[in-house]
Amino acid sequence: MEETVKDLKFGDKLSTERRRKLEEFIGCFSSISSDRSGSTTLENHSIEMTSSTPVRQRAYSVPYAMRQTLCDALEEVENLETIRNSNFP
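First residue of the sequence shown? That's 91 in our numbering, and the numbers climb one at a time after it.
Mixed in with the good hints there might be a few duds.
Here are the computed lysine to any residue pairs in the SDA-like style, where the Cα-Cα straight-line distance is at most 20 Å [claimed, not checked]: (1) K99 - R110; (2) K99 - S120; (3) K96 - I116; (4) K96 - F115; (5) K96 - R110; (6) K96 - S120; (7) K96 - E113; (8) K103 - I116; (9) K99 - F115; (10) K111 - G101; (11) K111 - S121; (12) K99 - E114; (13) K99 - K111; (14) K103 - S120; (15) K111 - L132; (16) K96 - F119; (17) K96 - C118; (18) K111 - T94; (19) K96 - G117; (20) K96 - R108; (21) K99 - G117; (22) K103 - E114; (23) K111 - L98; (24) K111 - D97; (25) K111 - T140; (26) K96 - L112; (27) K103 - E113; (28) K96 - E107; (29) K99 - F119; (30) K111 - F100; (31) K96 - R109; (32) K99 - I116; (33) K111 - I122.
Calculated directly from the structure, the hints in this document are not laboratory data.
Bear in mind the structure is a predicted one, so any value in this text is a computation, not a measurement.
Could you put the whole structure together from the sequences, leaning on the hints where they help?
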């Protein structure tokens with residue numbers, strides 16, 4: 091699903107003229123932007139740990155009403171290979 095400038099929500103405090111100008115400005119960058127995250131092979135990234143001992147803590151609690159939304163969002167970025175599942179304890 092491709093998102094366009096018309097899909098953005100600017101709030102109700104913008105005047106019609108300012109909204110039009112903002113939409114026009116954002117539209118100028120449509121050829122260089124994307125609504126999908128991705129990955130690159132141009133750079134490698136690593137996180138240096140200070141210890142090899144794993145950090146153990148309880149997971150953040152997620153309200154029941156938000157769980158499906160969170161699961162869907164995580165599945166989407168996993169399918170895009172932005173993140174990957176971890177089997178660490």
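(request) Would you pick out the hints that fail for this structure and give their numbers low to high? (result) Result: hints 14, 15, 25 break, sorted rising.
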